[in-house]
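Read off the chains here:
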Amino acid sequence: MSIDRKIPRFPAAGAIALRFAPLVPVSLAGARLVKTLGRRHPGLFARLGEQAGKIFLIDPIDLPLVFRLAPRADGPRLEAFRRGSAGPWDARIGGPLAALLGMVHGVYDGDALFFSRDLVIEGDTGAVLALRNAIDNEEIDLAAEVAAQFGPLEFLASSPARHLAALVGGLSGVALTRAIREPAA
Amino acid sequence: MSGQGKLELVCPAGTPAAFRAAIDAGAHTVYCGFNDETNARNFPGLNFSRAEMTESIKFAHRRGGKTLIAVNTFPRAGDLALWTNAVDDAARLGADAVILADIGLLDYASRRHPSLRLHLSVQAAAANADAIAFYARSFGVKRVVLPRVLTVQEIAAINRAIAVETEVFIFGGLCVMAEGRCSLSSYATGKSPNMNGACSPASHVDYHEEDGELVSRLGGFAIHRVAAGQAAPYPTLCKGCFQAGAYRGHVFEDPVSLDAASLIPQLAEAGVTALKIEGRQRSRAYTEAVVRSFRRALDAQAAGKPIPASELRGLTEGQQTTSGAYRKTWR
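Those sequence lines, one after another, are chains R and L. Using my numbering, you'd call the opening residue of the first sequence number 64 and step up by one each time. Using my numbering, you'd call the opening residue of the second sequence number 7 and step up by one each time.
Keep in mind that a hint or two might mislead.
[As the list claims (entries may be wrong)] Okay, derived cross-link-like pairs now, SDA-like style, lysine to any residue, Cα gap no bigger than 20 Å in a straight line:
#, chain 1, residue 1, chain 2, residue 2
1, R, Lys-69, L, Gln-326
2, L, Lys-12, R, Ala-247
3, L, Lys-334, L, Pro-312
4, L, Lys-148, L, Arg-301
5, L, Lys-334, L, Lys-64
6, R, Lys-69, L, Gly-235
7, L, Lys-311, L, Ala-274
8, R, Lys-98, R, Pro-88
9, L, Lys-64, R, Ala-247
10, L, Lys-72, L, Ala-133
11, L, Lys-12, L, Gln-326
12, R, Lys-69, L, Lys-148
13, R, Lys-69, L, Ala-234
14, L, Lys-72, L, Arg-82
15, R, Lys-69, L, Cys-188
16, L, Lys-12, L, Lys-148
17, L, Lys-64, L, Asp-94
18, L, Lys-334, L, Gln-159
19, R, Lys-69, L, Ala-280
20, R, Lys-69, L, Gln-325
21, R, Lys-69, L, Gln-236
22, L, Lys-197, L, Arg-82
23, L, Lys-12, L, Ala-280
24, R, Lys-69, L, Ala-237
25, L, Lys-148, L, Ala-274
26, L, Lys-311, R, Ala-247
27, L, Lys-64, R, Glu-201
28, L, Lys-72, R, Ala-247
29, L, Lys-72, L, Leu-99
30, L, Lys-334, L, Glu-259
31, L, Lys-72, L, Asp-102
32, R, Lys-69, L, Ala-274
By construction, these hints were calculated from the structure, which means they are not laboratory data. Given the structure is predicted, the values throughout are model-derived calculations rather than measurements.
Make the full structure from the sequences, and use the hints.
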């Protein structure tokens, strides 16, 4: 866990390029990712409870895109939108992309990010807490989830995906894969 | 109970993942609760189903750790079964102890499960030797979690006068009230930390950005306006900013967190048995970092070495820490 580490921001040049990126492929990839996540982590929905019916706006503030997440057990959805065009939502979670990824991977504490104003919450606070706790408990590794997209060939993709995520993450300071705990001596 | 043995590190877990993180990071003991109103951290998405508790207790036992189950809210009149079932299930699942606050529930547990170890919750606010002796004599309580209102000298005096173990908070959020007696959240939301297990329940909290300021409302009451760049506190009334006469600011309590790592040698000398970390509502990242830091500190203490400097301020509410009442300077 990083305690006082400065949270890296997405490069400005990349953010400008993303302004012109087509959203359909991003949404298709997002849809596949949450479908896989739902299949591999059914405990997410149990922990979300009634909050699984809510719409979450995931807002990486250093990107020109936002994501609309509907974590329903019978068909979870994640769609990308241009900022300001995502439609209505129940709860918004905003912060640098690195902070959001770091929370998913167990590198950052959500409350600490809130205290330091790196994380902004709006709307249904109960839904945000439920989502944060559900994701935290699942010990999700997005590199592993991406590898799982390869179906029966997952075993071939798993190690390269994790190594690539660790390499890029190490260079950028962004947690692209789950933090591995070393047991205390 | 006075004496200076090896200090036990008692760590929080709000989810099974945080539980495993705590054990892996060096917790001797983990405390947690069922996912209902029977424990004082009843927040959305938090806590343990019976099946998760079973697995977690087994996980701890395989690693030589202990599990304490907090059933530390006060039963509602006419709805006792939720609380007695929690005690029954804790005993059935093999918990190493239950943490109770209510006298009726202590009586039930001591009669129904005489071999179940009972700890007195901080919610019971037992702050003197006579009160503690009553709980020990009447219900066979083996350990008391002391309220966060005592100095180290007072803790030492209590330990000299009692025959049970004491546990004290070493890190985490602070409450201004004598534990178990806070009605601020109830006033604003109708939900009580002592009865419903949720201080400032999330369902009643609203955050809004206005002109760069973070405005927090609880039950419709604006309780903070935090300027850009300033640390935000939890949305609790006790940490709110209010106007009282000519004064405008934190009327009840500043949003600072307890960090008494530097006092570990004095607490050991005062006869304390266990040190408790607050934060079952926090993530596994918090659990891992704080537990690892305090395990290092306890190992240093046991080896007679200096306590390493704490690096945990970035995780704390208000981004500031205090040694709290242990070193009272305001009297």
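Okay, the hints, checked on the actual structure:
1. For the proposed pair Lys-69(R) and Gln-326(L), the alpha carbon gap of about 18 Å is at most 20 Å, so the pair holds.
2. With a C-alpha separation of about 17 Å, the suggested pair Lys-12(L) and Ala-247(R) falls inside the 20 Å cut-off, and the hint holds.
3. In summary, the hint linking Lys-334(L) to Pro-312(L) is not supported, as the alpha carbons are separated by about 23 Å, beyond the 20 Å threshold.
4. Between Lys-148(L) and Arg-301(L) the CA atoms are separated by roughly 24 Å; this puts the pair beyond 20 Å, and the hint is violated.
5. For a cut-off of 20 Å, the pair hint linking Lys-334(L) to Lys-64(L) is broken: about 41 Å separates their Cα positions.
6. As the CA atoms of Lys-69(R) and Gly-235(L) are separated by approximately 14 Å, the hinted pair is consistent with the 20 Å bound.
7. Between Lys-311(L) and Ala-274(L), the direct Cα distance comes to roughly 14 Å. Compliance with the 20 Å bound is thereby established for this hinted pair.
8. With a C-alpha separation of about 15 Å, the suggested pairing of Lys-98(R) with Pro-88(R) holds against the 20 Å cut-off.
9. Pair hint Lys-64(L) plus Ala-247(R) holds up; C-alpha atoms about 19 Å apart against a cutoff of 20 Å.
10. Restraint check for Lys-72(L) and Ala-133(L): not satisfied, since their Cα atoms lie roughly 26 Å apart, outside the 20 Å limit.
11. Using a Cα cut-off of 20 Å, the hinted pair Lys-12(L) and Gln-326(L) is violated, with the two alpha carbons roughly 29 Å apart.
12. A threshold of 20 Å between alpha carbons decides the hint, and for Lys-69(R) with Lys-148(L) the separation of about 45 Å lies outside it, so the pair is violated.
13. At most 20 Å may separate the alpha-carbon atoms for a hinted pair to count; Lys-69(R) and Ala-234(L) meet this at roughly 17 Å.
14. Between Lys-72(L) and Arg-82(L), the direct Cα distance comes to roughly 29 Å. Violation of the 20 Å bound is thereby established for this hinted pair.
15. Among the hinted pairs, Lys-69(R) with Cys-188(L) is inconsistent with the structure: their alpha-carbon atoms are about 37 Å apart, more than 20 Å.
16. The straight-line distance between the Cα atoms of Lys-12(L) and Lys-148(L) is roughly 17 Å, inside the 20 Å bound, and the hint therefore holds.
17. Annotation: proposed proximity of Lys-64(L) to Asp-94(L) holds, straight-line Cα distance about 18 Å (limit 20 Å).
18. Among the hinted pairs, Lys-334(L) with Gln-159(L) is consistent with the structure: their alpha-carbon atoms are about 10 Å apart, no more than 20 Å.
19. Restraint check: the Cα-Cα separation between Lys-69(R) and Ala-280(L) comes to about 34 Å, which exceeds 20 Å; the hinted pair is violated.
20. With a CA separation close to 14 Å, the supplied pair Lys-69(R) and Gln-325(L) stays within the 20 Å bound.
21. Among the hinted pairs, Lys-69(R) with Gln-236(L) is consistent with the structure: their alpha-carbon atoms are about 16 Å apart, no more than 20 Å.
22. Between the alpha carbons of Lys-197(L) and Arg-82(L) the distance comes to roughly 12 Å, so the proposed pair stays at or under 20 Å and holds.
23. Note on Lys-12(L) and Ala-280(L): the hinted pairing holds, with a Cα-Cα distance of about 9 Å set against a maximum of 20 Å.
24. Distance check on the hinted pair: Lys-69(R) and Ala-237(L) sit about 15 Å apart at the alpha-carbon level, within 20 Å; holds.
25. Under the criterion of a C-alpha separation no larger than 20 Å, the hint pairing Lys-148(L) with Ala-274(L) is consistent with the structure, at around 18 Å.
26. Restraint check: the Cα-Cα separation between Lys-311(L) and Ala-247(R) comes to about 18 Å, which is no more than 20 Å; the hinted pair holds.
27. Proximity of Lys-64(L) to Glu-201(R) is assessed by CA-CA distance (about 19 Å); at most 20 Å being required, the pair is judged to hold.
28. For the suggested pair Lys-72(L) and Ala-247(R), the alpha carbons sit about 16 Å apart, so the restraint of at most 20 Å is met.
29. Our distance criterion of 20 Å between C-alpha atoms is met by Lys-72(L) and Leu-99(L), whose separation comes to about 13 Å.
30. Of the pairs offered as hints, the one joining Lys-334(L) and Glu-259(L) holds, with about 15 Å between alpha carbons and a cut-off of 20 Å not exceeded.
31. For the proposed pair Lys-72(L) and Asp-102(L), the alpha carbon gap of about 6 Å is at most 20 Å, so the pair holds.
32. Taking the CA atoms of Lys-69(R) and Ala-274(L), the gap is about 36 Å. The hint is violated against a cut of 20 Å.
In summary, the numbered hints that this structure violates are 3, 4, 5, 10, 11, 12, 14, 15, 19, 32.
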